[in-house]
Amino acid sequence: MAKALPGYGTIDVPKDRVVPFGAVTPAPVGTQPLFQTSNWRVVRPVRDDEKCTRCLQCYMACPDACWVYKAEGETLEWVGDFCKGCQVCIAQCPEEGALVAVPELDFEGGVVRLEKPF
Amino acid sequence: MPAFDYNFQKLEPIRSFKSVPEDEQYLPGHRTCAGCGPALNYRLVAKAAGKDTIFVGPTGCMYVANASYLCTPYAVSWIHAQITNAGAVASGIEAAFKMAARKGRHTGPFPNIIVMGGDGGSVDIGLQAMSGMMYRGHKVLFICYDNESYANTGIQTSPTTPYGAATTFTPPGKEIPEGKTLFPKNVPQMVIGGHPAVKYVATTTIAHPLDLMNKVRKALSKPGPTFLHILCPCPKGWLFDEKLTPDMAKLAVETGMWSNYEWEDGVYKYTQVPKKYKPVSDYMKPQGRFAHLKPEHIAKMQAFVDEKIKQVQRPIPVAAAVPAKQSA
Amino acid sequence: MAKESMMTGCRAAAEGAKAAEVEVICSYPIRPYTAIMMELAKMVANGELNAEFIHGEGEHAQVSVVLGASAAGARAYTGSSGVGVTYAMEVYSPMAGGRYPVQMSIADRTLDPPGDFGSEHTDAMSTRDQGWLLGWAATPQEVYDNTLMSYRIGEDHRVMLPQMVCQDGYFISHIPDKVTIGEVSQVKEFLPPYRPIHPLSLTNPVSHGPQIRPDQGAPMDAMRAQTFLAVPKVIEEATADFARIFGRKYDPFVEQYKLEDAEIAFFIMGAHSNTARTAVDKLRKEGVKAGMARLRWVRPWPTHQLAEALGHVKAVGVIETSTSYGSAMRGGNLIHELRASLYDLDDRPLVTSFMGGLGGETIWPADFDYMAGVLTKMVKEKRTDRYVYWLGM
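Chains as they are written, first to last, in our numbering: chain A, 1 to 118; chain Y, 1001 to 1328; chain E, 2001 to 2393.
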């Protein structure tokens, strides 16, 4: 065999394209920030603290866990980072006027006002 | 061989919304549709199960929509399975943990191993693996999140799609005015009817969150295979306003299209039984997938539901071939 | 004392799995590999092997069960034959891409249609694109040895790939031959326990296999290909270590029998190599400079090693006990990669192929005489007349 046989070469995956070994990723903590879904909505739920009876229907009905309830202090907070504006919470709320849909356009920081969708 | 000690987790019944565990194990940040029924189900199941849980996720909406871009919203360990084999993959995980416990590598409570399968992955293409697992007696909770179609691939018919529903494989047309001509499989009965090792089977919906979470906890406390059939309305597939997802599930129960029950130690227990059933047309009218139906089709559906309602009044007997006490 | 006894290839595979202390086994019956599982069932029932023995509902389930078990940290084992191997096809790539180093022991069987219990290699060969390590034994002893070597290679952190350990059905799987079982101390020295990299865990939660975007697919493929570049070295190390500990030496990739000065050579895999060796001896006595190259690993294919072993030979006859209908040479599936391995040589051998042993038939000494005649004529005429000859037809 006079001439050298071909080799297999090297495979250089650029650093920014490397995928985890065996496609195994660490579990997220708290939220999954790689899926920003708040820019889906055109309305957001606004809760009237006086009319709200803390029945927690909204908290139990949100597929995206946007209502955060803490037994300590009985706080009920809307965390809108992932709210898709589906309005299930609003439809489930039994108290007239306690939870209403308000257009994103009405808010200074409303997602419809974003220049870029993240 | 001595019976295996599963070292059960302490999962108490949840009495009220206020005492629901606060920690989310199905985290915000997933690409499911706004108002997605199966996503709400995942959140409730994960909350009830807690952190010592491993989910098996066969291909379907709850795989693709949750895990689209090399990331997932699961705070607990999770593994993708093929749509064909979730029951088998879960069986292997359970066996591995049993060996690890026997050899002292795994100490502490046995993990909750939960399959989150769609209707297709549970009783169509996934039926064989699900049945094998039920037969072999693995301590795994198999959940069928039923959105009544192969939703992830764009709404095709599955064996749980109702009679008369329009899907992209059952479009209504001149020759086939109803769209879907077949009636659905009876999922829980398939599990109950033939698997002697199954410990608990129950049905529930996302509109009954405490019921759902407590059925999850009850199932996880059993020393063998358990099955939950959960109605998860799908706004995209059923064509209704996405804010009405829980209302659709409520209507299903109120019309008799769906019944919530438990089967435990051979005994049936029905809950949320309406005093007077609403007509099925109340359920079908708000859903675009039924919009093409004529009165004769709705009548056919009503007759089908009337038969189902009779079962509620007269629970189905099961020939108990297996004695009540069975080694784990 | 290392024990020698007569045992079939199936029993040898089971002894290998037992020595490896597999933890999760998934069974399903199909001839002729079933005997492996029957032996293991007895071992588990008698308490000789501490393992979960799971009755899968089919071969697709078998491979799925061991995938789950491996993901959760257990050394897992399964097997099959014939259409059972092809039935599980869906799960092979998820297994390899998920980097779960399970072992599947295959006793080859002709694919349907219709049912034929005899051995052909097509069953496991059909899976060769799926990313597993894939190799063939030619004796029951080698089945036992490959069982241990494959776990050692597959579970190496530079590899982390599932392995198919193959043997011809009936010829190897069911005919007893001398096998020496290793001492516990030897096995312990050779084969460390399985150390999964990111197992499904309660304390360190992970997600196995999220969906990816198309642009993430290419790097995923590339990284799997990169691994195969690293595998040959691990195979060489493991094979050398095996020789040191157990005293049985194998050429890592290609058994070379009387090849140094061979003018014609048989390229072959599996059971019929035993006949080939005898044929080579007889031909040598008759003055024919014959030799044999026996392939041990199909994946990774030993391209350079084959060019080195066979480069000087004038004519090579590939003996194919497999089918690849419509393929380039219209015969089996070894010839294409063998020809490709020799293509870049300055003075490359003439290569043809012989379809033999199909359906599970014997390849007779007279067949080797015939093949040697064809190869000798090729050398004399300096040309390949045909890509493929069908022995007896």
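Please note: incorrect hints may appear among the correct ones.
To be verified - EDC-like, lysine to aspartate or glutamate: derived pairs with alpha carbons at most 16 Å apart:
| id | chain 1 | residue 1 | chain 2 | residue 2 |
| --- | --- | --- | --- | --- |
| 1 | A | Lys3 | E | Glu2308 |
| 2 | A | Lys3 | E | Glu2021 |
| 3 | Y | Lys1103 | E | Glu2021 |
| 4 | E | Lys2042 | E | Glu2021 |
Just so you know, these hints were derived from the structure itself, not from any lab. If you're wondering where the values come from, they're calculated on a predicted model, not measured in any experiment.
Query raised in the report: Which earlier hints turn out false for this structure, listed by number in ascending order?
Result: 2
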